[in-house]
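Visitor: Chain by chain, the residues:
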Amino acid sequence: MNGMIRFLRQQTWGNIALLFVALGCLLTPAVQYPLSTTFPIGGDAAAHIGIVQHLISRPILTAQNIYHSWYPISYILFSINALNPFVYWPIAFSWWMTLGQVITGLAIGLLSFRLFGIRAAAIGIALWGMTPIALTSFFEDATMAQLWSLPWAILFFERLAARSRKGMILCFFLASFSHPITGLILLVTIIITAPQLWMSTSKLDAKERLLRKIYSYSAGVAILLALGIFATRYRIFLLSFNFESSKYLRELFIGSFFPWAITAIYGWYHIVLLHKKNIVLITTLASFFFVSLLIAANDRLGIGFWTNRLNAYVTICIIVPASIGFARMIDMLRPKGIALLFTGTLLASLTGSVVYDNRNIYKRNESSTISTRITHDELQAIAWMKENISLSANVVSSSATRHYEWLPVLAGLSRNDIASSPNTFLVFFTRTETVPEYIGEKPEQYHLEYINKGAAVFRIIPL
Amino acid sequence: MNTASLQTIGLFLMLCSVLAAVFRQQELFVYGVFFVGFLITIIPADIWQIPFHGILTVVFPLIALHVPIPLQPNIPGLIRLGIIISVWTIALLGTICISSFISKKLVNNNPRKTSE
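Chains as they are written, first to last, in our numbering: chain A, 1400 to 1862; chain B, 1243 to 1358.
Read the hints as simulated data drawn from the structure, not as lab findings. A quick note: this is a predicted structure, and the numbers were derived from the prediction, not measured. The reader is advised that the hints may include incorrect statements.
[Stated by the list, open to error] Here are the simulated distance ranges between beta carbons:
#, chain 1, residue 1, chain 2, residue 2, range
1, B, P1312, A, A1605, 42 to 48 Å
2, B, V1309, A, I1628, 25 to 31 Å
3, B, P1318, A, A1799, 30 to 36 Å
4, B, P1315, A, I1850, 48 to 54 Å
5, B, V1309, A, M1731, 33 to 39 Å
6, B, I1317, A, L1790, 43 to 49 Å
Beta carbons: idealized from backbone N, C-alpha and C, even for Gly.
Whole structure, please, built from the sequences with the hints as guidance.
Guide: Written out as structure tokens, the structure is:
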């Protein structure tokens, strides 16, 4: 705290004001999500909650679940919510996503600060604040683990800029065990960087030579491991997926973010110029962009693999140099006060536009005519099931909606596609699906137990 | 032509590319013009003193997106992605190798460098 106060005292009033405007730009669209949404969309959210929610009552089982998951660090952090005895998991999840968004923004600020200074930090924070919905899908897709892996990946580069090897190694492992894709991208970055460092014409100091050794050994081990996996687990590479065009990449390079992409070119030049002595930093950052862009734009290469989810990395690669490029432009403008006022106004108005656009999207998702959100009636039906159906019962539900995914989380019930035991209940979420006629025609076999505007629950009477 | 004139031309080209971008012209054209302007601006200043690899590595994926690699359509998606990244990495490393060689030669002949 004292350090923070000392840091702020060293800054001019103009810079502090810009930093506060930037924090407002980061917080407003982030907080808008939990305040505008009554419930996170199913799928990943329910699965993530299901892993950690019994930390207090069944700690060994939870630890085993976390250990066997792909995202152990993200889950360990998320499980902190279980310490709150009054936690309502869907709401906690939405706020946890908000916190992840804010922490990622602060990490970007820290990296930009390390590379250029406080103005770049403020601009970087504000630019990341504008990304929800328009440039990233974390909130709507509930991709918590990936979002929470980003701060570690960014801090990996921040530690690299600070020449802290231990910090780099720690952040690398935290990022990799938060989400394997983030770890894989960092690893490929290191593999591409290592040979470049050996080819470099510039003289490396002792620390950089040691880092080059670490990179080279890591790259060697990673390549051997990859070859081993390729030889023994070839099926992993045959993973089937639907072709996905990147909507975010268009937005980034020819849409609303395009001016920042252009500014990033100018910013990148300044990074290279300012840190020309830190060859490892420049080469690693450049390689990260190389990997991130090719992966995010893989639809342009005829592949179309998860392009929207993979876009966040290249967005960070644009935001950091753009913040530095724009900060450099402000530095050249006179008088200083007017330049800062202009910057603050620009960032605040752009954020206002993002908040306005997102408001319409959230409103649409909350609409009762579409089934993306679970509504009060459906939640009431699940609450009734929790009170009245034994945990050993078999609950059958169609996959017309993804609301059934909340049954294990909110009611502790397991869901199946088919009736497999005498104690079976059928659930229909009637906003989206209709109760089949044969069920209404045989009340002696299908007994209606509960009904409201959003759901109908039937018990199958064994004949 | 002196340094200031060259830098003015470079800045003018960069400005043109930004204007072209605003009016939604061809992406490749915009990047190309900006990059040429950018090079003209920095060449007189510090080109032999900045790590040139940093610039090359950033430009390569932009080229990669516009130059398709002919691959059999039955190759699975993830393997295809791995092949494309590997091919462009090798191309990048090859270019860096050649540029390092040329750069070494030029630096050795650069009076500013040798006088330091």
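Visitor: Taking the hints in turn, state whether each one holds.
Guide: Okay, the hints, checked on the actual structure:
1. B:P1312 x A:A1605: 42 to 48 Å: holds (46 Å)
2. B:V1309 x A:I1628: 25 to 31 Å: holds (29 Å)
3. B:P1318 x A:A1799: 30 to 36 Å: holds (31 Å)
4. B:P1315 x A:I1850: 48 to 54 Å: holds (52 Å)
5. B:V1309 x A:M1731: 33 to 39 Å: Taking Cβ atoms as reference, V1309 (chain B) and M1731 (chain A) lie about 36 Å apart, which means the hint holds.
6. B:I1317 x A:L1790: 43 to 49 Å: holds (48 Å)
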